[in-house]
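> Each protein sequence line maps, in turn, to chains A and B. Residue numbering for the first sequence follows the numbering used here, beginning at 1 and increasing consecutively. Residue numbering for the second sequence follows the numbering used here, beginning at 115 and increasing consecutively.
Warning: the hint list may mix true and false statements.
Computed beta-carbon distance windows for the label pairs [to be verified]:
#	chain 1	residue 1	chain 2	residue 2	range
1	A	G84	B	Y210	32 to 38 Å
2	B	R165	A	T114	42 to 48 Å
3	B	K182	A	N59	24 to 30 Å
4	B	N181	A	Q17	44 to 50 Å
5	A	T114	B	K227	35 to 41 Å
6	B	N167	A	V95	18 to 24 Å
7	A	T114	B	N181	30 to 36 Å
8	B	D131	A	I60	39 to 45 Å
9	B	S142	A	G52	30 to 36 Å
10	B	S225	A	P70	43 to 49 Å
Hints in this document: simulated from the structure, not taken from any laboratory. Even for Gly, the Cβ is constructed at its ideal location relative to N, Cα and C.
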Amino acid sequence: DSGVTQTPKHLITATGQRVTLRCSPRSGDLSVYWYQQSLDQGLQFLIQYYNGEERAKGNILERFSAQQFPDLHSELNLSSLELGDSALYFCASSVVPSTTYEQYFGPGTRLTVT
Amino acid sequence: GENVEQHPSTLSVQEGDSAVIKCTYSDSASNYFPWYKQELGKRPQLIIDIRSNVGEKKDQRIAVTLNKTAKHFSLHITETQPEDSAVYFCAASSIYNQGGKLIFGQGTELSVKP
Chain A
1 DSGVTQTPKH
11 LITATGQRVT
21 LRCSPRSGDL
31 SVYWYQQSLD
41 QGLQFLIQYY
51 NGEERAKGNI
61 LERFSAQQFP
71 DLHSELNLSS
81 LELGDSALYF
91 CASSVVPSTT
101 YEQYFGPGTR
111 LTVT
Chain B
115 GENVEQHPST
125 LSVQEGDSAV
135 IKCTYSDSAS
145 NYFPWYKQEL
155 GKRPQLIIDI
165 RSNVGEKKDQ
175 RIAVTLNKTA
185 KHFSLHITET
195 QPEDSAVYFC
205 AASSIYNQGG
215 KLIFGQGTEL
225 SVKP
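Chain A with its partners taken away, still in its complex shape (with noise of 0.2 Å):
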């Protein structure tokens, strides 16, 4: 175990909806980095937030929008979605980025578009 949550585990959902995805970092970590596994794109980086502020981007959809809450959890919100949007969702948590290089993942998200 991680350390960090992410909630709900599964999702299922139509086309063309919106949902959140809930992501509790490790106690004393300020950093949440999100990423996005698909068969077909691998492991790749979303965003990520360092103690509510916006740190990095990655190739993150417009459809698609995170932020971190003064608790430090995040949220990642996905809108009108698509088929290729089913993926593995995981975030991550490290201490502070530049002291602390280490990331912990959480046990990810598994969103289902139909």
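Chain A is already provided as a structure; the job is to place chain B on it using the hints.
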């Protein structure tokens, strides 16, 4: 752009043999190189990492080497066991320039036959 190439995509060895997985990165600013092990449907687990100021690091049966000049790094597993069977991902990160986001290789599916 940032890219990490990983080879081979699949690797099959006999129990007790060694396994080597190789990665090449493109971003010369990369300074942190972790390796993750992922079992089917589970989260990536950090197994070993190396920073750019070190050429080699070992932890029991696992070792990682880094050649910064050639932008290569490798994972070595000795005395392989069936429980080492999993998908292994290398990654590269630039802690200071990009907040520590991980750029992953495509993964290597390791199969250890008893």
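> Decide, hint by hint, whether the structure agrees.
These are the hints, each one checked on the structure:
Checked against the hint of 32 to 38 Å, the pair A:G84 and B:Y210 passes, with Cβ atoms roughly 34 Å apart. B:R165 and A:T114 have their C-beta atoms about 44 Å apart, which keeps the hinted 42 to 48 Å range intact. Separation of B:K182 from A:N59 is about 26 Å and conforms to the stated range, judged on CB atoms against 24 to 30 Å. At roughly 47 Å, the beta-carbon separation of B:N181 and A:Q17 lies within the given 44 to 50 Å, and the hint holds.
Hint check: A:T114 to B:K227, Cβ distance near 38 Å, so the stated range 35 to 41 Å holds. The supplied range of 18 to 24 Å is met by B:N167 and A:V95, whose beta-carbon atoms lie about 20 Å from each other. The hinted window of 30 to 36 Å between A:T114 and B:N181 is violated, with their beta carbons roughly 46 Å apart. The hinted window of 39 to 45 Å between B:D131 and A:I60 holds, with their beta carbons roughly 41 Å apart.
The hinted range of 30 to 36 Å is satisfied by B:S142 and A:G52, whose Cβ atoms lie roughly 31 Å apart. The given range of 43 to 49 Å is respected by B:S225 and A:P70, whose C-beta atoms sit roughly 46 Å from each other.
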